[in-house]
Amino acid sequence: MRDQYRKAMQWLYLACIALSGIAMVVITLFIPAGVFMRYVMNDPLQWPEPASVIMMVFFSFIGGAAVYRANQQIAVEALMKAVNPASRAVMQWGVHACMLLIAAFMLGYGVHLCVVTWGNTIAEFPWLSTGVVYMPIPIGGALTLLFIVEKIWLGDPPKDDVMYSDAAADLE
Amino acid sequence: MDTLVLLGGFAVLCALGVPVAYALGLAALFGALWADIPLEAVMLRISDGTDDFVLLAIPFFVLAGAIMAEGGMAARLVMLAKVFVGFIRGGMAVVNVLASTLFGCISGSSVADTSAIGSVMIPQMVKQGYTRVFATNVTICGSVQALLIPPSHNAVIYSVAAGGTISVASLFLAGVFPGMLFGICLIGLVLWTARRRNMPKSEPIPLKEVPRIVLEALWGLITIVIIIGGILSGVFTPTESAAVACVYAFLVTFFVYRDYKWRDLPHLVHRVVKTVAMVMMLIGFSVGFGYMMALMQIPAKVTAFFLSISENKYVFLMLVNILLLLLGTFMDLAPMLLICTPIFLPVIAKLGIDPVHFGMIMILNLGIGLITPPVGPTLFVGCAIGKVTIEQVTKELWPFYGAMCIALLLVTYIPALSLWLPGLMK
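Those protein sequences? They're chains Z and D, same order as listed. In this text, residue positions in the first sequence follow my numbering: the first is 936, and each later residue adds one. In this text, residue positions in the second sequence follow my numbering: the first is 272, and each later residue adds one.
Excised from the complex, chain Z in its bound form (with noise of 0.2 Å):
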């Protein structure tokens, strides 16, 4: 069961860093793209910004889950670095607790901000609901509470985790 779930989690960071790299790409390719229908083909298109917009808080939300789960979001340990390791422990288990409560307020709040948007639909794209541009923080949320249960139950990612594949080359 422990081996399935860190398994799991592997694939879910996977899909996530995925999910995030192919939206950065497609964004990188809608913004000039509509440079070049603006001056090359006298035709500007509407669309590229918001919809960059979107993908923007996709990538931001759902890759932000991710990089918790790579240890990469930005800490201050000085003070859990400098406490005895009884005392770090129980740091440690602070931590666990605010982030709990932190990714259940994305995950209960963000849906009620779905429902309460959904009948609403964006300018730009009449066809898409609002609720839709709120439902990273959800889903986020939601992927950050299953890592940090990973976290709580399992601990950190072994170093040979794929969220360690990334690792530049030792160039010397």
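All the given hints hold, so there is nothing to weed out.
Far from chain Z by the CB rule (all over 12 Å, computed), these chain D residues:
no. : residue
1   : Gly279
2   : Gly357
3   : Ile455
4   : Pro570
Here are the simulated distance ranges between beta carbons:
no. : chain 1 : residue 1 : chain 2 : residue 2 : range
5   : D       : Glu662    : Z       : Met936    : 39 to 45 Å
6   : Z       : Asp1095   : D       : Lys584    : 54 to 60 Å
7   : Z       : Asn1019   : D       : Asp307    : 35 to 41 Å
Selected chain D positions facing chain Z (Cβ under 10 Å, derived; list incomplete):
no. : residue
8   : Leu287
9   : Ala292
10  : Tyr293
11  : Met314
12  : Cys517
13  : His541
14  : Asp603
15  : Val646
These are computed hints drawn from the structure, not numbers from a lab. Quick reminder that beta carbons are idealized off the backbone N, C-alpha and C, glycines included.
For chain Z, the structure is supplied; the task is to place chain D on it using the hints.
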């Protein structure tokens, strides 16, 4: 009491070790509960924080910088710098600083700069007889220039933190002279150290190789022309210029330089996603936090506090510099910019300080914080690349801190350094 709940809550959460982004969100939540403000309002602000077209410039600048850094640009800029200064005593150290200046025209991140320039320069400097610690120190200090020299994504973060009221183009132009001045201060220090320690000279680059070296480096340096030229001519918005720079960086790296392997591209995107998502989460939660600060009138209270100490803007700038240098040792640049900017903006407005000038002071000051323990990401990366310990490095960093503080004082008390260039464009 409101201030204590919000700022005190944030400080306690940070001290506990909660990631800063989430600490901002939680503190905003506690503040909202305390002040009886609907939590939906905070949630809406957090979402709106990442929903801004200008913010798209951040992933694009980070991506363009990463492609250039890993795609062979750094090595070519080092060669270009060697042509000009490699042959003088301590020349390799000067090359290191100058390469960082040039790389700053592409990257905008001191960590990326340290990683790219350090990987090339530290081994070469060690081979020539420089100590590993000195080579590492020059690299990490030189990399702070990247934060000032355009395009700096931290300038975009500052603009966002200021509520989008400050033009990104003005901030980009404002960073040119402070960045160069910072480089000159460091070069002065390394030349003085080189004479004192009798550091080695390099062989001059043969003249017949110079055109090739210049041409190869020019391919990369055109990026800055695309970005700054595009913005100033009105052809591109900052976001568009960043996106076009990304595509250009990709084409140069994969079809001109051809040093980078296609199979490494997913790893590069992986790294960039992690960096960008981390910054974007910070921005989102900081907007929620900023909303609570505004509701609790904290910026107004801070303004009143500073004005009660002194109404002299030079005294205020000195106090802010000391405060930011202290806070910068504990916290990273981006969160500090996002938290402190909305607090200080009303004060500087009262004292008649230009927000563009103040932005340069904050970025430079907090940039120095990136190479100070206990929390110094650039210091950590530099030590890892230089294969030295933080203790070894910090023991010899003091002269560098001195040179950087001189640069900071000059930028603080000579506003024209930051404001002359943007003024020409008005």
